[in-house]
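Q: Please construct the entire structure, taking both the sequences and the accompanying hints into account.
So you can see what is in the structure, the chains are spelled out below.
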Amino acid sequence: MKEIKVRIYPDLKNVMVIEVNTLSVKEVLETLKDVLKLQGQYVIVKNGKILGDEEYISNHDEITLVPVIEGG
Amino acid sequence: MIFGFNGKLLDVDLTKREIKITELREDWCKLYVGGSGYATRLLYDLISKETEPLSPDNVLIIMTGPFVDTFSMSPKTAFITKSPLTNYLGKSMVGGSFGIMLKRAGFDGIVLKGASREPVYLAIIEGQAEIRDASHLWGKDVLETSKVIKEELNNRKVKIMAIGPAGENLVRFSAVITDERRAAGRTGMGAVMGSKKLKAIVTYGSKKVQIYDKEKIIYLMRKHLAAALKSPRGIGLRSYGTSGGLISYYLDGNVPIKNWTKGIFDKVDNITGQTLQKIYKSRGVPCGTEVVCSIQCHKELQANDISEDEWEKCPEFETLALIGTNLMIDDYKSLIKINRLCDRLGLDTISTGGVIAWAMEAYEKGFIRAENLGFELKWGDGKATLKLIEMIARKEGLGNILAEGVKRASQKINLETESFAIHVKGLELPAHHPRRYHSMGLAYATSNIGASHLQGMTMLAERGILLPEYGISEIPKDAESKVKVTIIHQNLCAFLDSAGLCKFSVFGIIDFNKIAEAYKAVTGFETCKEDILETGERIWYLERLLNLKLNLSVKEDTLPKRFVEEPLNEGPVKGVTCPISQLLELFYRYRELDPWSGYPNKEKIKKLKLDVDVIN
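From first to last, the protein sequence lines are chains S and L.
The letter at position 24 of the first sequence is residue 26 when you use the working numbering, and the numbering goes up by one with no holes.
The letter at position 7 of the second sequence is residue -12 when you use the working numbering, and the numbering goes up by one with no holes.
No wet-lab data here; the hints were simulated from the structure.
Some clues are possibly wrong.
[Claimed, not checked] Computed, partial: chain L to chain S, Cβ under 7 Å:
| hint | residue |
| --- | --- |
| 1 | Arg214 |
| 2 | Ile216 |
| 3 | Gly217 |
| 4 | Leu218 |
| 5 | Thr223 |
| 6 | Gly225 |
| 7 | Ser229 |
| 8 | Leu232 |
| 9 | Thr256 |
| 10 | Ile260 |
| 11 | Glu297 |
| 12 | Phe485 |
| 13 | Phe506 |
For each residue, glycine too, the CB sits at the ideal point set by N, CA and C.
A: Here it is in structure tokens:
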């Protein structure tokens, strides 16, 4: 298992440590949505950049889950 | 009888103070649906290139579609006129309950001609219409106007659309505000109402129009409402409203910063919808009390430290972007106040943001000076922005020039400032970024009303909200597929604006096979998804032909040079420009438009059964 640090936007002070099986962005996203019971669409942001599904994060990385709203 | 409609229009001549009732044409309902399509067809015969938009000769049409008050999430009412901002087709769609109540009062639309000498308002109550004195309302803001009218009529259920001081003073980007907080913002509808000395329209009724297949509509409405609750797009909008889109769009490089010159605004977190709804208790409500909607994207905040109202309107994404990031204002309290001020004065927040961004850049570059203005106008200054907005609405000082819109203002102040006046055909740009989503650049350049994000929401396709029922199963990557997506989106948006459906309840939520079923169930007209596309296409060409009749030049199908020649040097779209020439060339080919005159060929006009006289 790998550990990552996760924030959920806009609560940037609260950091959760979550264990995941894989570091593939696509799979991490699915795991986090499942574990954190999040609905809707999210992206993983690291260092101010949206990570693509095909990318990987590193063990102990700090990431932020940002909700995606398609409107306006 | 035409199912889905009352079959009646109110024809109001404000000069003669005459009101007539005319019948809706069934053939036009079949060809142009209703709403914006039907109104544009009507307008086509009523105005010419000589018609001055702010003269009594201009005509303002307010029109509902067959889905209004018959189907879920369908409150959209069309405002159609000759725009005082662009001199071409003016169009603005507004939510809220006004259109629903107008239909219940017994009318599908209102055709406003001439101009009153004195301020008046129009009352349409239970099948009766009357022109009333509004001298006592002239000068009041939108909220005060609504309050006084409701007290006068002793009826709190009436629905009101009103202009504020900006519309009275003929600010070219003034809005009409319905239900006290929804704006028919774009292309200067407030000024057209103001030029007719029409302060407000009030309506109330209790009649329901007949539907062809009521059982089917109830079934489809349930499906539609449930789909909105389940889809990621519906969930997102329901959670945070459009304001929640700011952060992910920002991270994606899809917002304007400092009049479109920067790619990073590190204070964006201070003003996102999520932050506002974390600071203040929030709630979601439908855009109007009579609107059947499961998304309820209209967000309100309990911002009692800055607002007298128990529930204050949360700024929408476009406002947070055009007045927030674009002016680099990171003070959320100022943004909430600016948002409310624009509503009260009756101003379009998109154009207001675009105009003030230009003014701030002109100030920075020395074209506007503090000694002439009376105060400094620096990026990020919320207080100066509030002051300037008041000046625009009252046409005081520099506000008198800014009230003309960014195109005219730049020509008046100094021709060198035209290079950073960001508009298409005179209409200031919305927030979606042409450098990031090239198809949006094309949609802005070729929209029939100038730069509008709602006449082709192609950023959705570029962000993965596809239309497999129309063959769009992959994110468009190359120029050819981006052009094809733009054309399909333009046609579909033209249909939706004519039917009255809210676009937020369609793309990514319900497919067009279901919409075709619903259209048939409401109207009885045999319809499939291909018919919807073709009808939308017919309406798009009708709009185009109207603009050509009004003297549109193909040179105006373009983007500001800033997006084409000036890449950003930072942020997610660093180094990128929009290849508009390449996209336009393909667009003209696929649309079968002559690249020199901009006209469609005769075969196209015939094939689409467009019943208008075309002089080419």
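Q: Look at each hint and say if it fits the structure.
A: Hints versus structure:
1. For L/Arg214, the interface hint holds, the least distance from its beta-carbon to any beta-carbon of chain S being 5 Å, beneath 7 Å.
2. About 4 Å separates the beta-carbon of L/Ile216 from the nearest beta-carbon of chain S, less than 7 Å, and the hint is met.
3. The restraint placing L/Gly217 at the interface with chain S holds, with a minimum CB-CB distance near 4 Å, inside the 7 Å limit.
4. Annotation: interface hint on L/Leu218 holds; nearest CB of chain S at approximately 5 Å, less than 7 Å.
5. The beta carbon of L/Thr223 is positioned within 7 Å of a beta carbon in chain S (closest approach about 4 Å), and the interface hint is therefore held.
6. Among the interface hints, the one on L/Gly225 holds; its C-beta lies about 4 Å from the nearest C-beta in chain S, closer than the 7 Å criterion.
7. For L/Ser229, the interface hint holds, the least distance from its beta-carbon to any beta-carbon of chain S being 4 Å, beneath 7 Å.
8. With its C-beta approaching chain S no nearer than about 5 Å, L/Leu232 sits inside the 7 Å limit, and its interface hint holds.
9. Taking 7 Å as the C-beta contact cut-off toward chain S, the hint placing L/Thr256 at the interface holds, the least distance being around 5 Å.
10. Checking L/Ile260 against chain S: minimum C-beta separation of about 9 Å lies over 7 Å; hint violated.
11. Because the smallest distance between the Cβ of L/Glu297 and any Cβ of chain S comes to about 5 Å, under 7 Å, the interface hint for this residue holds.
12. The criterion of a C-beta within 7 Å of any C-beta in chain S is met by L/Phe485, whose closest approach is roughly 6 Å, and the hint holds.
13. Hint on L/Phe506 is violated. Least Cβ distance to chain S is approximately 30 Å, over the 7 Å limit.
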